[in-house]
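Asks: The residues making up each chain are set out below.
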Amino acid sequence: MFSAIFDKRHPQSGARPGTLVIPKEAPAPRIHMIRYSAEDMTATEVNHVEELKVAFDNQAVTWIDIQGYGDKSLMQSIGDLFELHPLLLEDVVNIPQRPKTEAYGDQLLTIVRMVRVERPGEIDMEQVSIVLCKNYVLTFQERYGDVLDPVRRRIRSGKGVIRQHRADFLAYTIADTIIDGYYPVLEQIGEHLIGLEDIVVTDPTPELLIELNQIKNRLINLRRGIWPQREAVNAMVRGDHPAICPEVRIYLRDTYDHCVQTSEVTEMYREMVTGLMNTYLSSIANRTNEVMKVLTIMASIFIPLTFLAGIYGMNFEHMPELHVEWAYPAVWITMLGTAVGMLTYFWRKGWISFGTSPKSSRTRRKVESD
Amino acid sequence: MFSAIFDKRHPQSGARPGTLVIPKEAPAPRIHMIRYSAEDMTATEVNHVEELKVAFDNQAVTWIDIQGYGDKSLMQSIGDLFELHPLLLEDVVNIPQRPKTEAYGDQLLTIVRMVRVERPGEIDMEQVSIVLCKNYVLTFQERYGDVLDPVRRRIRSGKGVIRQHRADFLAYTIADTIIDGYYPVLEQIGEHLIGLEDIVVTDPTPELLIELNQIKNRLINLRRGIWPQREAVNAMVRGDHPAICPEVRIYLRDTYDHCVQTSEVTEMYREMVTGLMNTYLSSIANRTNEVMKVLTIMASIFIPLTFLAGIYGMNFEHMPELHVEWAYPAVWITMLGTAVGMLTYFWRKGWISFGTSPKSSRTRRKVESD
Amino acid sequence: MFSAIFDKRHPQSGARPGTLVIPKEAPAPRIHMIRYSAEDMTATEVNHVEELKVAFDNQAVTWIDIQGYGDKSLMQSIGDLFELHPLLLEDVVNIPQRPKTEAYGDQLLTIVRMVRVERPGEIDMEQVSIVLCKNYVLTFQERYGDVLDPVRRRIRSGKGVIRQHRADFLAYTIADTIIDGYYPVLEQIGEHLIGLEDIVVTDPTPELLIELNQIKNRLINLRRGIWPQREAVNAMVRGDHPAICPEVRIYLRDTYDHCVQTSEVTEMYREMVTGLMNTYLSSIANRTNEVMKVLTIMASIFIPLTFLAGIYGMNFEHMPELHVEWAYPAVWITMLGTAVGMLTYFWRKGWISFGTSPKSSRTRRKVESD
Amino acid sequence: MFSAIFDKRHPQSGARPGTLVIPKEAPAPRIHMIRYSAEDMTATEVNHVEELKVAFDNQAVTWIDIQGYGDKSLMQSIGDLFELHPLLLEDVVNIPQRPKTEAYGDQLLTIVRMVRVERPGEIDMEQVSIVLCKNYVLTFQERYGDVLDPVRRRIRSGKGVIRQHRADFLAYTIADTIIDGYYPVLEQIGEHLIGLEDIVVTDPTPELLIELNQIKNRLINLRRGIWPQREAVNAMVRGDHPAICPEVRIYLRDTYDHCVQTSEVTEMYREMVTGLMNTYLSSIANRTNEVMKVLTIMASIFIPLTFLAGIYGMNFEHMPELHVEWAYPAVWITMLGTAVGMLTYFWRKGWISFGTSPKSSRTRRKVESD
Amino acid sequence: MFSAIFDKRHPQSGARPGTLVIPKEAPAPRIHMIRYSAEDMTATEVNHVEELKVAFDNQAVTWIDIQGYGDKSLMQSIGDLFELHPLLLEDVVNIPQRPKTEAYGDQLLTIVRMVRVERPGEIDMEQVSIVLCKNYVLTFQERYGDVLDPVRRRIRSGKGVIRQHRADFLAYTIADTIIDGYYPVLEQIGEHLIGLEDIVVTDPTPELLIELNQIKNRLINLRRGIWPQREAVNAMVRGDHPAICPEVRIYLRDTYDHCVQTSEVTEMYREMVTGLMNTYLSSIANRTNEVMKVLTIMASIFIPLTFLAGIYGMNFEHMPELHVEWAYPAVWITMLGTAVGMLTYFWRKGWISFGTSPKSSRTRRKVESD
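Protein chains in written order, with the UniProt record's numbering: chain A, 1 to 370; chain B, 1 to 370; chain C, 1 to 370; chain D, 1 to 370; chain E, 1 to 370.
What the hints contain is simulated information worked out from the structure, not anything from laboratory work.
It cannot be assumed that every hint is accurate.
It does not matter which identical chain is meant; a pair holds if it fits inside one copy or across any two.
To be verified - Derived pair list, reagent style DSBU-like, types lysine-lysine, alpha-carbon separation capped at 30 Å: (1) Lys134 x Lys349; (2) Lys24 x Lys159; (3) Lys24 x Lys134; (4) Lys349 x Lys100; (5) Lys349 x Lys72; (6) Lys24 x Lys100; (7) Lys349 x Lys53; (8) Lys349 x Lys24; (9) Lys159 x Lys349; (10) Lys159 x Lys72; (11) Lys72 x Lys134; (12) Lys53 x Lys24; (13) Lys100 x Lys53; (14) Lys53 x Lys72.
Everything numeric in this text was worked out from a predicted model, so none of it was measured.
Sequences and hints are given; from them, build the entire structure.
Replies: In structure tokens form, the structure reads like this:
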């Protein structure tokens, strides 16, 4: 269950800075380019890096979306074309990086982590690097598929504000969409927690604790993405990079609010998981208590009776009771009396209940009235 | 029990900024307008948005209170009339937002969370957005009904300072009233905790732990409202927005104090809930201990006696004791002696008490003297 | 036990700012005035507010001490006479306020919390508001009686530095005296903790846990007074209010040190209470362990023996052992051997000790040598 | 297991500042010098301190690597040659120091901690002091052997950017390589944790807890190196020491990111160890519960039956049942009925399962579906 | 055990500032004066305060060391001679003060806490106040004896740098020596913790928990000295008091590093004590589990057998088995079969082991390989 958290990829010790470490399983890059202005819009699949040169044409905003990074020379030639700093390119390729915002000359790199729920209980995390320049946006994604289709639709439709704005608004829209993608993931975890809430009391198995630990680790993992994202977005809002105009900063303030909100929900869920774990432990203790009560009641009632029976099973020659006619029924009556006495004692202690126990009823009223 | 905390509404991923997401169950807006100056005061139910134009008349202060937001076009036309920024309107409608204070030109948006105890044990939380401009205040509420009636009465009565001041004092009064609404809610939780304090020791059932977890979650939820409110009010006090004059800032400092006080009480209650949970767990452990003692006492006394009885129930031919006349009473005396010996041993250990135990009496004195 | 912490008084929701909420049980104000200069000193009981006007005479320092606030109109007329800001008067009367220092024009309001041990185990907390102006100090106390008698004596004696200084030194002396009052209270709690330290191991009853929780809550409550006091005194030291001269700020730095020291001791005690609680829980676990051992030893020894006795209590016709003469003593020897074997096993495990156990002796040496 | 953490070396109390405390076991220094420029490169073993004077020749960058420090006079003469401040030399020799960056005139001292996994489960920590001046870099290592071979290879190969840059880039490369050395160490700990995850539930032995504590202590120890390293690297990035040019600061920003990332992973692992410890404790509780159930089931079934058998083992003369022919089979039937009744009761409670229990099945579905 | 922590001395409430509170048990002051310059050095026992006047002679540095403060008039006359501020003198005498650095005109007061291990397990804490002026240093110690002998030796020897410097270097040397005195104390605690590590698993007695609590309290107490010392030394490094020249500030930076290091070690030890406490609790739980297993195994094996024996101990007339010749051996075989079955069941569960258990072997391998 931990395996999702341990990320084994890391920069090779002592590697040249700017070295691109590309694992074998990285998918081959697919490049998709959208160019739009208020009036016009074109979308093309790009096969040759040279086609990307139109991005330098100031007339329109260009969004170049690169999914997959499994081709070192292609990545390098993109880096050369757009004059990306070697460290910027390294951050884009050498995954995972912490979410952050960093300025490289007139380019602004923002790294965020995109989450998607692929199957129930499986959260897919993917690094997205957004490079913003005056009139183009580059996005680098780890794998194919993303949550950005609504953005593409909005560009295509041509109605929204997006077509009226420049590249900075596009970058904002992409970051905002990715961050809003955390809500359904958190919601799913929330529903899972609701589902576990009762079971924790009624059926506390060790598997349940493992499950709770899994949720906790998932939340730790999400938090690792969300917390630095706060700072990254805040750096976009508060920074003074010329690529972002003041108007878009107001919009980014909203994105920052969502970052804060998701991080708060994550913390809240963590507190709840801790609460459920404590409830779990106390349920176990309660169970042991209950098991002990059954044992104690059974043993306390029958052990004295067995002793009594044992007494009259002795083979002494001189045991006058054995010859008394009413002795046997007397023993039975004594035994029943002892049993009833013990039962009454346990009932008084609240260990057994015949519908109404003198102790537990008061509480139950209390709890119900709430 | 968690359901109150998990808020499933969230911005749709990739939605256009400024998109108003209005759920079906949102109540239709009711608009109430109060206009007043030092001499005069009118209160009207508003049916057409155009009636609100009087708010731009500088002669009087106008308070426009919109309860419910279930009509997209109406909300949009109010936004158009008052030239609200699309993001401001989005924050107002797309509930829940974190409490915050944000400036949009000459308008100042403050979002707070209003709490009310509807039924015992049920806390109703509702977002209230306060838009302050030079001479009018807009308040947007999630649902009908609020805690602001005392404010309306004070405006009507005409005696207080409120009629002598401008819109900023009105905004302060509204925020202050909403924040003071936390006191009775916290008081109720406090009384609940007092009520549970004894039960935690005398009757620790699993239901009680669930109840404590509920209170804890409620406090977590309250805190989520209270903490950012501190910052929101502080931003009003320390900020430099021209809509709030220095005199009103002194009053807001008082509101800030109340925010701090409520947040402190919330933290204190959380510590107490944690304390009660620990007491609960230790009560369970104590109970198990008590159950074990009963079992151990019963078993330790009767198992050896039963063994003794078993000895003389054996059918060996050559058992000289069986033929001795005083053997039977001797066995009884041995048994009684053993039983008394065991009881003395347990009494010395403080496991059983006949009124006075040598161990527990010392402590009791100690505890009582305190 | 919580009741001391939950303060039910709070501002009425939606009340006019500056509203004085005076509970019925508030005692009627008693006004005591001390006027002094380096040469001269007079102390008077004040019955009419007009007598207080002498305070405006710059020749001497005036200390007006108002104990109790159960007379709204009197409080109002004092407020009018000294031109107190409505919010200042509200903070003075609407108890409890957080300790704080706030400037209102040339007046400086400092709110502190005075503690006194009235009876052992009962800590009395009372709000004291100190209003400092150029040449007078007003103190408002919640109830009659205080810890300020040493200050009065020092003024009367005329020997100390106090008579040579102005009103700011008087305000410092009052604040310092009140804060030094925390030391005996903390000392008492410390002694209580020492007293409980042994009992926690020797006699862990549920009542003890409740007592520990009480101490913890008392410390939480004290901390609520001490922490904001730090800031309040620091605001006097670092602030730039003209009513406090630089020389007195050096003295206040000393008071600030005491605030820090008391807050540190409070935190240390809280950690100790937590430590005692853990010891308590582990003592319970130890006890259960001990109980279990007794049960296990008794049962493990006698159950096999009883089984053996049961074997030869069977009534089979063909049981050759029954007819062997030495069978009965042989059974006894077997039984004794089994019992001795079990006892040896338990002694080896360290569960029972006859003076010296092979296991525990090593540790005991270790512990003693320390 | 703690021994790796407790470092017994510490400055002798009251020693003259600048005193070099060299333990006997410190290895004799080996000096290795690499001089390189864009065109040229030489590597030499240095036997006499005078040979190091070439470092003052501005034509090339010189890296002097001193491994081991077990020769006081040699260390002193190196210090004299390079005019190292006495405190700088003391920090280099008196190990361990906290990682830090400190300026001494035109020299910049950076102390980092190098980690290596020598054998599985054994982490070797070693202090490396990097002294950067305009055109040379001194590195002082505690012991022979390091992780810097890739750097030496890169200098030798002459292809990378390193040969084009000055000494500051070399210092950056060394620091970066050392910090990247934390990744494989953390990875190994991560894999260890994955391996323990199942065992914690299936086989919770006390040895396992000790093992978890060991990992925790190892993480605490790593953190002690990583946390101050963050500040040390940040001081290089943000500081204004002239020895580091702006371009290299951008590279160092990358190193800082790696510091943050490793510190985050360390914290995450600590949380996981805590999680595993809680799982461990709950597994123990579960085990006790399971043991109790077996005991309770066995005892609850057979104790009543034994009592019944005891009844008819009594030797009363007048026991009519004894003479009834079908009494014996009737007793057997009663006994079997009782046993089946008890078993049903326990099965209903979910204490025993014959493939399907009414209680546990629901949960299992739940857990599997996740 | 707490008694070492609770310090009962505290300023008398309402006392005149500058009041010297001298307890009766305070030892009479012994004054020792050392005067030195680069060439010369004299050490004298001082009997009359007037002898101290030579300190005002600028030619040499004077160190006046006052041990004990049990003579009010002497302390006062020293204060008068050196024109010490009343609050400075109060801080020196009214022990304990928090470690701090405070400027009084051209005098700089630094209060630190000196620790010494007098007997194993007993840490002696003593307040040392260092008053630094241009050319003299006053040190006030609580009791006779200190850790400063190495400093005195270094002054006497005349070789070190100390004789070349002014009073600020002397003050630095004293503070540095006192702070380095924490290392052996911490080391001793560290060794104690190593010693307890095994015992916590092998022999968890309640006394051990008390011992752990004692160590924890000792660490809390040490931390109370160490933490404010950090700030105090930092104030010397960063402050701008003219009595400390820039060169000495570099040396003090080193002292600050030691403060940070000792505080980190203290925190690390606290975490370890917490870890040991958890291990302790889990050992107790493990023990209970072990005890339970023995009971369960014994009871589960013999209770059914006893029942079987009980069956054939019944006295029914019509029990055909009793008359079958092979019945008795058959019962024995059944019994042995049952016992072996139970033992196999428990062995499978890993509750008992005959050298190799199918369960525990796997883990043991795992643990050993580490």
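Asks: Would you pick out the hints that fail for this structure and give their numbers low to high?
Replies: Violated: hints 1, 3, 4, 5, 7, 8 and 9.
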